[in-house]
Structures are given as C-alpha cells and as structure tokens.
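Chains as they are written, first to last, in numbering that gives the first Met the number 0: chain A, 0 to 461; chain B, 0 to 278.
Derived by calculation from the structure, the hints in this document are not laboratory data.
Computed from a predicted structure; not experimentally measured.
Don't take every hint at face value.
[To be verified] If we take Cβ atoms under 7 Å as the criterion, some of the chain A residues that face chain B in the derived model are: (1) Q206; (2) N208; (3) V210; (4) K213; (5) L214; (6) G235; (7) L236; (8) P237; (9) N254; (10) E255; (11) G348.
[As the list claims (entries may be wrong)] Derived PhoX-like pairs (lysine-lysine); straight-line CA-CA distance at most 25 Å: (12) B:K263 - A:K351; (13) A:K279 - B:K19; (14) B:K232 - A:K351; (15) A:K276 - B:K263; (16) A:K279 - B:K199; (17) B:K26 - A:K424; (18) A:K223 - B:K26; (19) B:K19 - A:K139; (20) B:K28 - A:K223; (21) A:K139 - A:K351; (22) B:K135 - B:K180; (23) A:K276 - B:K259; (24) A:K223 - B:K19.
Where a beta carbon is used, it is the ideal one built from N, C-alpha and C, also for glycine.
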Amino acid sequence: MPIIKVKTSMPSQDPKVRKSNFNEVATGYTKEMALQEAERCIQCKNEPCRQGCPVEVDIPAFIQKIKDQDFAGAADKLKEKNNLPAVCGRVCPQESQCESFCTLGKKNDPVGIGRLERFAADYQLEAGVLDPEVTQSTGKRVAVVGGGPAGLTAAADLARFGHQVTVFEALHVAGGVLMYGIPEFRLPKEIVQREIDYIRKLGVDIQTNSVIGKLDTVDELLEKGYDAVFIGTGAGLPYFMDIPGENLNGVYSANEFLTRTNLMKAYKFPEAATPIKIGKRVAVVGAGNVAMDGARTALRLGAEESYIVYRRAAEQMPARDEEIEHAEEEGVQFKLLTSPIEIVGTEDGWVKGMTCVEYELGEPDDSGRRRPIKIEGSEFFMEVDTVVMAIGQGPNPLVPSTTPGMELKSKGTIVAEDGTGKTTKDGVFAGGDIVTGAATVILAMGAGKDAAKAINEYLQNK
Amino acid sequence: MYQIVATKILAPSIKLFEIKAPKVAAKAKAGQFIILRVDDEGERIPLTIADINRNAGTLTIIFQEVGYTTKKLGCLNEGDNIVDFVGPLGQPSEIENYGRIVCVGGGVGVAPLYPITRALKEAGNEVISIIGARSKDLLIFEEEMKAVSDTFMVATDDGSYGHKGFVTDLLKQVLDEQEVKQIWAIGPGIMMKVICATTKPYEVPTIVSMNPIMVDGTGMCGACRVSVGDETKFACVDGPEFDGHLIDWDLALRRMNIFKDEEKRAEAAGSCGGGCGCQ
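Isolated chain A (complex conformation):
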C-alpha cells in the first residue's frame, strides 16, 4: 500500500464562526480519520519519535493499538508515561518534538502523533475511564507545591510508586496554566478537569486554596512529616515593559487578561461574576503563544480589531506556527518590527493609544535571532483602547523567598539538577517553569516525571 504523503487534516470550526465563540477550534479526529492517520505509521524499528518526547511515551505502541482499533488500549499505553494525554495531544509543540524525528517526515508529512494522542485520550474520556489501581502504600509522604503540569505529573507518578502525595494549589482549582492561562477554545477546561480527576483517583490528595509560603513554608512541611517536597510553582510573575502609562486603566498583563477570561469565565459575565473590560481596538504586545491566546481571546470577547505588536520580524515570533495561523485566519492583525515606547491615556486615565517606534533587523544577538534596531524618527501613534502585555513571565517568588537554604539563580529561578530536579536543599526537588523560566507544558511535565523518579530513589535510600 502506498504511503499517504499528507497528514490527515484536523477538522476545525470555520474561522468566521469560531472567532466569536469560545468552543474548541480543532474538533478532533473521527474514528475513520484516526485509523487513516495511524495507518501512515510504518512502525519503524529504531523508533526515532520516542527520543522527541519529554515524557517518554511509547509512541509506536500506542499508534499500533489505534491501528488494532483498541482505542482504550491506546489511551492506557499513553497513560503508562503521560498522565495528561488529552491535554498534551492539544497543546504540545509536536512539530519540534516527537513529530520532528518521525522517519516519514524526512520526505513527507510526519505522522500526526499529537492528533492521534488526542483522539485516543478523548475516546477514553468519552467512553469512561476505569478507576486505576491504587498502588500499595510505601508509607512515605510527599508534598507537591503547585498543581500545574509539573506538579500534577510528579504527583501522579509518585502515587504510582506508592507514596502518599498531597498537592498544595494556591488557586481554587488545580491545573495551573492549563486552567488559568490556556484558553477554553484551545483546551476545554472540562477535559483538564477530567484528567485531573483521574490523577485524584490514583490516590493523590489535592488541596486547593493553599498558598505555601503563606500557610506552611517548605521547611514546615518537612517538619510536619513530609519525607520530600517537590516545588512546581511555575512562572507566575507577569513582566511589564516599564514604559510610561503602563498603569493606565485598560492595560492588562496577559496573565490577568487570560485568568479573568479562562479561570474566572469572564466571557460568561454577568452569569459568572468576574468582569473583563474589552475595548474596540486591542493591542497585544509580544508574539509568543500567550500573546496569540490574548489576541484571539480579545476577538472572542468582542474586540473589533485585535493586533499583535512585536518588535522583531515574522520568522522570529516564538509562538507555534499553528497558533499564528489560527490567529491570522481569525483576523488578528500583525504589527511587526514595532514596539510601544509609551501608553497614552485620556484625561480620566483610560488608554487611548500607544506611541510606537519601528525597528529593522541588525546582526544576530545572544539568542541567535537578528537584533531589532530602532529606526530613528519612526515614532507613530497607534489608536487602541486596551493593551495586553504578553512579553513573558518570571518565576513567582512566593515559595523561593520563604525557603532558606535553597539556592536561586539571579532571575529568581531555583537551581535544580538536570534530570533529577534535586535542589541544593536536602529532600527538596523542583521542576518546570520555576526552574527553567517560562517554557512549555510538556517540558514542565518531563521535569515532573524526572523528579518523581529521583524522589522515589531518594525515599528508598532514606
């Protein structure tokens, strides 16, 4: 049978329709589409795709299960390594991970591994997941600080090793960025909730409304009898540009803008009590995935014009290609090689526009990207009434600053050993954005997984 060269396309809502609703954009493979795509996998012997997966999913095996029409079996295979497959199938950058190693990809499209992962995971969530077996207890207790991708992954794996795990989550629901940051139209919260419910069924106790550093500190957790602590508190500190006018009414951090909309469901206001104010013309500063989420969210909240304002060029935008394409299809406009130097307000303190300057590209800088150079005399005024700052997030200092004896880097991230997450404090491990600075969901999950292994070894030798 000849190989189908092109990846089975993902059905999705029409851009004209979806830009005014919060339903999921990509609607997922049907059984027939999944079988067709699974058939494309040639089950090559050296399995290069596996080296591209931070959580070591046995990719050929789960795809084989789909080929065999054992869809629940495929999901079980995924879950041997990945505790959040329906999430990862949606938000992982497969094009730079598993799929970038696919043998087929050398000449044709790689196998749609992410789409198949999503299909299998969704199939099982829909069909009903059997309760997992709870591993017999080792009697050891582990505290996991932060209920995001890193923490949940570490918690699930530690529970599988038989340890008694408590997750302390600061917000009123677990999930971290999966709940507050990534929009409903990209990752339905119902899906996240169901995967978290599964982790609970592994025996993990999740305590919400628990701000470690304000309630107990890490030291107090150790004193209270936890044998080890994993810190996965993420990159929850929004950066601003430090330009005039940033505190005007109508300027949000991307975190605030997305948290109001996703976690607090402001798009359902007033049925949901949290408001959000959206103008007619919205500028999102930055061009990462978070910026795309912001610009697309603005359209759905009713903005007439939604702009991405970015000081570098198109090819340098850090967002995934898919996110950029989706944003373009929905009508987000890109003002590239442009950056605000001041946000200008009305007399009563509301944003009325931004003074921007234009840039051109010069020599490569430390990041290897060509450095943007300001063009003298290029100032212009951009009329907008809402500004969303999406220029990155730093580590939230709440836990690091209340944990003496744990070494930090200059930007406030925690020093942790590669591959184990061991910090300089005995019994304390860390992983995810709090160690690396803002990165991806899957890298945080990989770090959670590595740390779980290392914590298990630590507990066995303790």
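Place chain B on chain A using the hints.
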C-alpha cells in the same frame, strides 16, 4: 467549603462574618488579607482580616454591601458555607514599639485597623485612635478600638456623634499638639489620600492599607498595581501596606473604578441584587 460560624450586623449594610478556616487562622497576622469566593460562579474578592481567633480556628471579616458580590455574601447566614477562602495573603503590618502612634480609621476601614491597633498597643506603643464615619449609625468597632487605645476620638461627617467633621480635623489637632512617631490610616481611598496630604507637612511616616482590584492575590496577575515612589508594586504580595506619602493617589483611585460599569451590569442582572429576598 468554609463555614460561616457567626454573623452580626454592625451598621446598615455593614456585616461581620466569622468564618471557620483553622489553617489560615493559625498563620494570619494583623495587616494581612484573605480572598474569598461565595459560589462556583463567584468572583474572587479580597477582604482585610478584622480579627483572628486561633483557638476557635476562625477569622473575622467585615464588609459593606456595596457591590454584586458583597451583596450576595451578605445574603448568607450563620451555618452557610462559601466555596473558597484563601489566605493569609500579603505582608503583615510591621509591629514594633515606635513610641506614640496614631491609628486613623474611616468607615468600614476601622475593622482591619483594629487588629493592627491591638498589636501596636500590645507592643508597648502609646496609641491614639481616631475613627470616623458619615454618621453615628455607620460607626463600627467603637468599643473594640477604645479597649486598645490610650486616647480615643470619634468624628462623624454630620456631627451625630463626636466631633462634627472629618478624622483629619482631629488628626491635625493631635499633630499640632504632640510628637507622633508613626501613623496608620485605613479607610476609603479618598480618605487615605487626604490623610496623607494632611500628615505630609508634619513629616510623620504614614502607613496606609491599599484595597485595589485583585484576582489571584499571589502576585500572578498584576491587577493590583500601585505606583509607590518610582516603582510599580503589587499590593497583593508587596503590600497591602505602603508608605502613603509615596503613593500616586490619583492613579490608585482611578484603578479602583475600572469595572464600575460592569459592577452595575452585574447587579442589574444578578440573581441577588435584592431579588433573593434578602433585602
């Protein structure tokens, strides 16, 4: 779920709730705040802690029913539960023996001022308290404040009780007559602004407790940005207390009103807003 174990009406539309949250009570200190959510569709609102009872594992909060969520909260009774209650958040007040200090509270702001005043008194300070309200019936925590003060004064706008006029009139008198080391002022934004303008010429450090709009309360969203001196601070993690002489008050007052229109819409559409029969 967090249970409301006691309620009390302190003044028209001002209510006191005692809420069971033993872990928070074990750690909370004067000057800190909590965030609560009434129900699953509710917003997260910050309220400063008015009292802490470690033995009973409860915290006291006091709120004025001014908006959608506070009205909804006010509909609840003893024995009812709220879905979320998180804290203690923010930095505690810096309590030490300064010498002679003044604590000024206005309206519902007297409630969070009380535990701070008590802690300052216990630390050995000579405490002069000045509390105020629009009228006598809106004055709260009089007895409590009196009990922890060496000198106690009251002002009402309409003169129905104590000095007729503003707390700043009394504060000015004190500052003219006595040497004061530090001042705490908690109340409506505009009151704190005027107090800071009053105390500035006397060069007496004046600490205020900001109550800006917040979402998470852990430094994650930046909604609570306050301009202090040349810096932008997050009231939720850097505050809520700041040197009032350094605050950009016009900005702070404007930021408090960001969602004023939405607040009206919520109330108009709200299931409560009087519709639940509570009013």
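Checked hints:
no., hint, result
1, Q206, "violated (9 Å)"
2, N208, "holds (4 Å)"
3, V210, "holds (6 Å)"
4, K213, "holds (6 Å)"
5, L214, "holds (6 Å)"
6, G235, "holds (4 Å)"
7, L236, "holds (6 Å)"
8, P237, "holds (5 Å)"
9, N254, "holds (5 Å)"
10, E255, "holds (4 Å)"
11, G348, "holds (4 Å)"
12, B:K263 - A:K351, "holds (23 Å)"
13, A:K279 - B:K19, "violated (44 Å)"
14, B:K232 - A:K351, "holds (24 Å)"
15, A:K276 - B:K263, "holds (13 Å)"
16, A:K279 - B:K199, "violated (42 Å)"
17, B:K26 - A:K424, "holds (24 Å)"
18, A:K223 - B:K26, "holds (15 Å)"
19, B:K19 - A:K139, "violated (30 Å)"
20, B:K28 - A:K223, "holds (21 Å)"
21, A:K139 - A:K351, "violated (57 Å)"
22, B:K135 - B:K180, "violated (30 Å)"
23, A:K276 - B:K259, "holds (10 Å)"
24, A:K223 - B:K19, "holds (22 Å)"
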